[in-house]
Structures are given as C-alpha cells and as structure tokens.
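Engineer: So you can see what is in the structure, the chains are spelled out below.
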Amino acid sequence: MFHKKIKLIFLLLSVFPGFAYAEIQEFKLSNGLKLVVQEDHRSPVVVSQVWYRAGSIDEVNGKTGVAHVLEHMMFKGTKHIPAGQFSRIVAAAGGKENAFTGTDYTCYFQQLEKSNLPLSFKLEADRMTNLIITDEEFAKEIKVVMEERRWRTEDKPQSKVNEQFQATAFTAHPYSRPVVGFMNDLENMTAADAREWYRNWYVPNNATVVVVGDVKTQEVLKLAKQYFGKIKSRKLPERKPQTEPSQIGERRAVVKAPGKLPYLAMGFHTPTLQSSPKTSEQEWEPYALDVLAGVLSGNDSARLNQKLVRETSLAVDVGAGYDSTSRGRESLFELVGTPSEGKTVAELEAALIVEIEKIKTDGVTQKELDRVKAAVIAADVYQRDSMFYQGMQIGQLETMNYSWRLIKEYPEKLKAITSEQIQAVAKKYLVKDNMTIVTLDPQPIDPNAKPAGKPHIH
Amino acid sequence: MFVRFILGFFCVALSHVAYAGVKISHWQTRAGSDVYFVENHDLPIIDIAVNFPAGSARDTKQTSGVAGVTRYLMTLGAAGMNEEDITNQFADIGAVLSGELDVDRAALKLRTLSSEQTKALETFNKILHKPDFPQAVLDREKTRIVAGLKEAETQPESISDKAFMRALYGTHPYGLDGSGELDTVNALKREDLQHFYQTYYTAKSASIALIGDMTETQAREITETISSGLPQTPTVDKLPEVAFPSTSSSQNINHPASQAHILLGYLGIKRGDADYFPLYVGNYILGGGGFVSRLTEEVREKRGLVYSVYSYFMPMGELGPFQIGLQTKKEQAGDALKLVNETVAKFIANGPTEKELKAAKDNITGGFPLRLDSNAEILDYISMIGFYKLPLTYLDDYNKQVSSVTTKQIKEAFKRRIKPENFVSVIVGAQ
Chain Y
1 MFHKKIKLIF
11 LLLSVFPGFA
21 YAEIQEFKLS
31 NGLKLVVQED
41 HRSPVVVSQV
51 WYRAGSIDEV
61 NGKTGVAHVL
71 EHMMFKGTKH
81 IPAGQFSRIV
91 AAAGGKENAF
101 TGTDYTCYFQ
111 QLEKSNLPLS
121 FKLEADRMTN
131 LIITDEEFAK
141 EIKVVMEERR
151 WRTEDKPQSK
161 VNEQFQATAF
171 TAHPYSRPVV
181 GFMNDLENMT
191 AADAREWYRN
201 WYVPNNATVV
211 VVGDVKTQEV
221 LKLAKQYFGK
231 IKSRKLPERK
241 PQTEPSQIGE
251 RRAVVKAPGK
261 LPYLAMGFHT
271 PTLQSSPKTS
281 EQEWEPYALD
291 VLAGVLSGND
301 SARLNQKLVR
311 ETSLAVDVGA
321 GYDSTSRGRE
331 SLFELVGTPS
341 EGKTVAELEA
351 ALIVEIEKIK
361 TDGVTQKELD
371 RVKAAVIAAD
381 VYQRDSMFYQ
391 GMQIGQLETM
401 NYSWRLIKEY
411 PEKLKAITSE
421 QIQAVAKKYL
431 VKDNMTIVTL
441 DPQPIDPNAK
451 PAGKPHIH
Chain V
459 MFVRFILGFF
469 CVALSHVAYA
479 GVKISHWQTR
489 AGSDVYFVEN
499 HDLPIIDIAV
509 NFPAGSARDT
519 KQTSGVAGVT
529 RYLMTLGAAG
539 MNEEDITNQF
549 ADIGAVLSGE
559 LDVDRAALKL
569 RTLSSEQTKA
579 LETFNKILHK
589 PDFPQAVLDR
599 EKTRIVAGLK
609 EAETQPESIS
619 DKAFMRALYG
629 THPYGLDGSG
639 ELDTVNALKR
649 EDLQHFYQTY
659 YTAKSASIAL
669 IGDMTETQAR
679 EITETISSGL
689 PQTPTVDKLP
699 EVAFPSTSSS
709 QNINHPASQA
719 HILLGYLGIK
729 RGDADYFPLY
739 VGNYILGGGG
749 FVSRLTEEVR
759 EKRGLVYSVY
769 SYFMPMGELG
779 PFQIGLQTKK
789 EQAGDALKLV
799 NETVAKFIAN
809 GPTEKELKAA
819 KDNITGGFPL
829 RLDSNAEILD
839 YISMIGFYKL
849 PLTYLDDYNK
859 QVSSVTTKQI
869 KEAFKRRIKP
879 ENFVSVIVGA
889 Q
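Residue numbers (my numbering), protein chains in the order written: chain Y, 1 to 458; chain V, 459 to 889.
Bound-form chain Y, shown alone (with noise of 0.2 angstroms):
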C-alpha cells in the first residue's frame, strides 16, 4: 500500500541443473563505447538498452534535472529524424520503447522482433551524436517535465518526504537533489543547458550498449561496429570525486502536506560495494546490510511486518530497504512506515529502534538466514523470466563502473553472510549519530486554500 522503494536485489544467472544458461559476453569497440550481449533464445525478441553514465549525480546546483530533460529532447529530432518521428519509426516495426533517468544513469530502451535489432541501433547510433535540440521544442518539452514534477511530487505527499529526506541525509553529495530538478530550475532552464548536458556526456566512451534476446553475439558486435564504430570519442568533463561528510549527530525534518496519514522515514548513511576493495569489510559489509534488510521486511512474517503490523497494529504498513550498489558509493539503510490510527510518528520511530537493538544484541537466527538464502535461490531463476530485467541489471552494473560479473558473485557472497557480521553492521552503522529522520505531517484539507510555494509568473 505504502511501499516507496523498489528494492533491486542481483542475482546471479549461474548455471541451475539441467538448465543451461547462454553466457553474458562483453566487447569494447575503438571508440570506447561497450557492448554487453545476453543471448536468451526462448522467444523470437530483443531488447536493446543504451546506458549513459550521466544522471543526477552529474548536475551542478541551478541546473537540477538537466540529465532528466535531455532524456526528454532525446525524442525532439536528430539531423535525419525530424521532431516527432523517433517514436513513429519504432512503433511502426512493432515496437516497444521509452526512456528513464536516475541518479547514476540515462538509459534509452527498445523491445522489438529480433529481426529489428538493426533499426534501434541505426536509431540510437543516430540520436547519440546528431541530436538538434530546437529552442521551440524546448519550451514545450520544459513545460511536460514541469507537469510531471507536478504530478510525481508536488502533490504527491510521500514524493515530498523522500525528497526532504534526500536533502536531510545528504549535505554536500548530489544525491541530495531530486532527479526530476527543483521547480526553480526547470522554470530557468534553457535550450542551452540541455544542449551542453548533451555535448558534455553524450559520447560513445560513456554509453553501453545491452542486449539480451534472441540474437547471436557476433551478430550482433558486427551490427554494433557498423552502427556505433564509426562515432568519435571525446573527453569526458573531469568528474570530481565527491564524497558526503560523516554525519555528527542526528538530523530531522517534517514535511507538511494534504492528508490523512503521517509517515516516518528513517535513514542511516551505509557504505555500497566497492569495485575493488581495500579490506575484508569493504567486501562484506554491503552483502550483510543486504540480508539485514531482507531479515528485516524480506517477506509479510519478517520481522518489522510480524511485529508492528501483525502482532502489535503499532503500523499499517512499514518496511526497509538498502541498496548495495550505487555509482556515487554512497547508500543508506532506510526504514519507512506508517502509524495506525491513534499512534504517532514517535511511537513508530520508537519501535524501530527497538528491533534495530534487538539486531545488535541478539542478532538473527538461522532460519531467518536461511528463509533470506531460499529467496536469492529462487529469485535467481524467476528474473530469467524477464529479458529486459536480466537487460536493467547488466546495464546498471556497468553503469555504475561495476561489472556485470557481480550478478554472477552477489548470491554466493550473500549466503556466506553469518549473524554475527549482521550484527556488527548494524552496531557500526545504525546509530542515532548516523540517523536522519524526516516525518510527514498531514494537513486538513481546505478546498479554498492555494496550492503552497511562492505564486508562478509567467
């Protein structure tokens, strides 16, 4: 009901008896673009992804939601497509396609018959170096974003608090900022921010290409030097290492919106993988946070569920999360819910912290282990299901300077996670020093009231 994040979980695609799985195989073109091909033969399609290393993450402050714009004028007309055409071209050869843009990435996508696989990147080849970016089409494509920063944020209470708490937990790393930008920006962006953004990180040496489908790799590398092989590299704008502060002392926000119920976000700042670690807990840390959040809401009888829903009605929903991986290397561990009727923010926050305690002196047992193991083990063979998932995880990796190969590693290196290395994360990293902690307050509504904010001019 009130989940707010989905959690991606890397499984591996190793080998499960009597199941024999095609191998991931991975090439680098002359211009430093890289291509990561799947074959997966079960039905007569393909999907084709191109990752950008750009996202949020690369913004400057006045400029937010720039990586998220361009993604925009990414349909807005090449030198070959006129305005409007790119979407026409891929629907009329049966396709699927669409675009999104995250902290760490921009990646562009399309599901096609296989025999198609040659126009998305004659399509794609074309967009990544002869994008136009009209001033026409950007005052128009500027408003649609601001309508969805409307529709997925300003009225939506639950996106005001995660962008609060972004912002709280976050002072000096982009992570901070929201990826769809700040009103602000948006209302001052121009044709020529997007048109920079596209210059600066729109190269082959920052793009992979995935493909996972019904395709034969070969096949698909020669499409890959005809299409991409021929675009030059540039360099890349010197990326600044930027690291967040270590947190001294707990932070809290409260986000007041139109609404019935509050809700809590908890949040601890943790470490992620490393892609080549320096020391043994560099290696285990992130895998022992990973089955702490599955210990903790892996499933409706685990723990925060058991307790404060089903046992004690503290909550109506409540949940926890942490991701592993993230190509700023900086994650948190989060825990989120909503009170019952009655209770409160605090009493919620209160009981929390009383199961994160329990973690540290008594740690988990070995059923919950084992129940956390069981689902990696299974999930492992479901996501074969779904191409352009196995596709999204291949091209995350990458793009967060991991690689692919981690699929293959992250269950192994889950199960061998012990009780003992849950309980030293959770003593290390949850802390009230380590803790943001950011509340909705919901507001009555007065259907005469204008909507908050200072007024728009137009």
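Some clues are possibly wrong.
[As the list claims (entries may be wrong)] Simulated pairs of lysine-lysine, DSS-like, Cα-Cα distance not exceeding 30 angstroms:
1) Lys608/V / Lys122/Y
2) Lys79/Y / Lys28/Y
3) Lys256/Y / Lys620/V
4) Lys222/Y / Lys232/Y
5) Lys373/Y / Lys278/Y
6) Lys577/V / Lys415/Y
7) Lys156/Y / Lys819/V
8) Lys307/Y / Lys866/V
9) Lys63/Y / Lys232/Y
10) Lys647/V / Lys307/Y
11) Lys608/V / Lys260/Y
[Said to hold, decoys possible] Short derived list, chain V residues pointing at chain Y, Cβ under 8 angstroms:
12) Ala537
13) Gly538
14) Glu541
15) Gly552
16) Ala605
17) Ala715
18) Arg761
19) Gln785
20) Asp820
21) Asn821
For the record, the hints were derived by calculation from the structure and aren't laboratory data.
Glycine included, each C-beta is placed from N, C-alpha and C at the ideal position.
Starting from the known structure of chain Y, arrange chain V on it as the hints suggest.
Structural biologist: Frame of chain Y, contents of chain V only:
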C-alpha cells in the same frame, strides 16, 4: 527513476494477443473447473493462477469491500495455520504467493521452483480450500483498510477515480469502490467472509491457468486436487447489465493540489464484444498508442499541457469504461479539457486516416511476439481467456482480426457506441 511516459495504461486493452508459439491445452476437472495449461520446460518454474468470479462487483452497497477482504484474508489463516506459518512455508522454499482483484475477478497466484512444488502446493491448497478468516486478523485488517480509505479520500487521483466510476455506473456494482467504504468495511463480520467464500469460490465457477515446468499429467493431478477441495456449490450467476447514461454529467471537486485531475468517458465494451477490434484499433489511434496517439500529439507534444493524457477501453464481463484521463496545472485545466473534447469529437466525426490505421496495425501486429515473451505474461493471457470463456483460437486469430479492421468500421463503431453528448466527467482540483 523518472520515465519519459507512464506505459501502464496502454496495456489495458491489449489483453489478448499471442503468437503461434503458445499451445494451450484445455480440459475440465471432475468437479467442473475449467483448466488452461501451457507446458514449458525452459525454466524450472511453475506458475498457477486460480480465478474466481469473485471480484468487487459481487459486493453490494451494504457489503462494499467484502470481495477484497475475503480474498486477502484467505491468505492470512487456513486449515489451522496462522498467517506467520503461511508466509514462512512459502518463504522457506522461495515460493511467491500473490493475488489480484478487479471488478470481475479474484485470483490467487503461486510461483514456485518446480523442485519445490509439492510443499508449495500443499500450503496453496490449504488457502484455497480451508480459509479460517481469523477474527483477530479481520479486526486488524479492517483498521488498516479504513486508514487507507481515509487517506484515499484526501488524494486527488483516488478521489477522481472513485467519483468517475460512481458517476458512470450509478447503482450498478461496477460503480462500487473495490476497497469498500468506511462504514461498510467497519461492519464486515467473519460470517460475511465465510458466506462470500462459499458462494463465489466454487469449483464449478473456478478457472485455473497453469504454465511451466510440468507435464500435462502433472497439471491434471494438480488441478484435480485444487478443484476437488473448493466449495461444491452452484455456479455463480451472471452480473446484471449496465444502464447507459442518458444525459451528460459533470462534477467539479475542489482540492488544493497544483494540478487538476480530469477524467471523462462513457460506457465501452465487453470481453468478446463484436465491436472489440474496430474500437481497440481506433482507440490506439485516438489515445492508446503512447507517444503516437492523437491526444498525446495535440495536448502534450504540440502544446506541452500535460505529462500524461490517454484514452482506453477496459473490456469487462459487462460493459467496461471508455475512459480519457489527464492531469494539468490547474490554471490551464479549462484549455486542456477543451482541446481534449475537440480532439475526441473530431475523431468520432471523421474517424482515422488510412495512414493512421496502417501505422496502428503495423504496431499492434508487429509487436505481437513482445506480448508473450515471458511465462508471467502468458499466464495472465490464458487466465483472461479462461475466465471470460473466449475461444481457444482467439490468440491465433488475433493478428488476422486486427489486420481486417477498416477506417470505415472504426468510424462507424465509434459513432454508434461512443456518445460525447452523454459523457460523464469529473474534475478534481480545477481553479
């Protein structure tokens, strides 16, 4: 993650497409349940959906919410197992229990590794056959649902959805909110759930869909067991017919949100409707085809008035809604609505062009293999075919049916079926 467009809506009316790769076996169990089975050993997975005519249209004004509560409570206590036991039984083997509820249908679904099927099915069958509906769990869940309902009363999207369905369907059960009402949910008793289960979760009315790593012999055993343990009560009656709105109606509901949420529409089509294909293909052109529809072109691409604007037919057991929706900054709600009305009126008056029709057919028929490229998707399609008793050849004929649609048929069908002068409209949060 910020997506350029929300695709969810466009799938609604697409619900039956297939390609030659899917071979459906069909039989009936001894207790009278219809079975639809696809054998596929590519992955060591089994997927099962057991579907019942037990959707929210089986609620009454007095018992609004009972269908949803019954389906959910079935999974929270059965054959003496409590909710924690049930969840843990599945979690121990990595099996996933899920459920669905719409106006027509209630479904319980199971996904498991084929190696764990015996254990998974044992618990699944307890849920289907011997739900306990524990009183304490019911009391708690009622409190949670009521909290959700109170929240929904404050959010523009849920306010507009509810008002639209009520205005369109009047006293027909399709107009009831599947989540129920504050007083009706509060009044639900354990006996109401037991009675609902006995009446609507019957072997004779169940249809079972299966796909995955099992032989037909195994599928027959599995479905015999499922079917024989269900209530052996009579077949469920058909729903009453829907009455058409005889005049237009419009509601303006105040809300402080920054955007106005606008819904408008009329009664659309049934499953198996004779006009299904002309209306479906026509709607792809009007507002169903994502970025390339007329509504998106006019309202979003040319003028930047919205992030999302769409139209769809939701085919249901009885006439489902034909719905148009958009959200836009409240100051420009009037302009956007005017433009939508003009676009719809023009389409109904003149129909599509030959060029538009060709593009629509190219997309729908060319994209055919994408609709069924996973077991999860195929399961949903065979569930739908089974539940609505569509012919087994329906999948094989689909592209042929789409290809034979003409511009004349589309224009004629829209004119005959869709009456803008009687549209129902709801605007939440306009200025």
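Engineer: Hints first: check each against the structure and report whether it holds.
Structural biologist: We went through each hint and held it up to the structure:
1. About 51 angstroms separates the Cα atoms of lysine 608/V and lysine 122/Y, which puts this hinted pair outside 30 angstroms; it is violated.
2. For the given pair, lysine 79/Y sits about 27 angstroms from lysine 28/Y by alpha-carbon distance, which is consistent with the 30 angstroms threshold.
3. Straight-line distance between C-alpha atoms of lysine 256/Y and lysine 620/V comes to about 25 angstroms, which keeps the hinted pair within the 30 angstroms bound.
4. Taking the CA atoms of lysine 222/Y and lysine 232/Y, the gap is about 18 angstroms. The hint holds against a cut of 30 angstroms.
5. The suggested pairing of lysine 373/Y with lysine 278/Y holds, with an alpha-carbon distance near 26 angstroms, which does not exceed 30 angstroms.
6. Among the hinted pairs, lysine 577/V with lysine 415/Y is consistent with the structure: their alpha-carbon atoms are about 23 angstroms apart, no more than 30 angstroms.
7. With a CA separation close to 37 angstroms, the supplied pair lysine 156/Y and lysine 819/V exceeds the 30 angstroms bound.
8. This hinted pair does not check out: lysine 307/Y and lysine 866/V have alpha carbons roughly 62 angstroms apart, beyond 30 angstroms.
9. A C-alpha spacing of about 27 angstroms is found between lysine 63/Y and lysine 232/Y, which places the hinted pair at or below 30 angstroms, so the restraint holds.
10. Taken as a hint, the lysine 647/V and lysine 307/Y pair is honoured in the structure, with Cα atoms around 25 angstroms apart against an allowance of 30 angstroms.
11. Restraint check for lysine 608/V and lysine 260/Y: satisfied, since their Cα atoms lie roughly 6 angstroms apart, inside the 30 angstroms limit.
12. Contact between alanine 537/V and chain Y, as hinted, is not supported at the beta carbon level, the nearest pair being about 17 angstroms apart and thus beyond 8 angstroms.
13. The beta carbon of glycine 538/V is not positioned within 8 angstroms of any beta carbon in chain Y (closest approach about 16 angstroms), and the interface hint is therefore violated.
14. At its closest, the beta carbon of glutamate 541/V sits 6 angstroms from a beta carbon of chain Y; the interface hint therefore holds under the 8 angstroms criterion.
15. Evaluation of the glycine 552/V hint against chain Y yields a held restraint, the C-beta minimum of about 3 angstroms falling below 8 angstroms.
16. At its closest, the beta carbon of alanine 605/V sits 5 angstroms from a beta carbon of chain Y; the interface hint therefore holds under the 8 angstroms criterion.
17. The criterion of a C-beta within 8 angstroms of any C-beta in chain Y is met by alanine 715/V, whose closest approach is roughly 4 angstroms, and the hint holds.
18. The beta carbon of arginine 761/V is positioned within 8 angstroms of a beta carbon in chain Y (closest approach about 7 angstroms), and the interface hint is therefore held.
19. A distance limit of 8 angstroms between C-beta atoms decides the matter here; for glutamine 785/V the minimum to chain Y is near 5 angstroms, and the interface restraint holds.
20. For aspartate 820/V, the suggested interface contact is upheld, since its CB lies about 5 angstroms from the closest CB of chain Y, less than 8 angstroms.
21. Hint status for asparagine 821/V: holds, given a least beta-carbon distance of 4 angstroms to chain Y, under 8 angstroms.
In this structure, the earlier hints numbered 1, 7, 8, 12 and 13 are contradicted, and the remaining ones agree with it.
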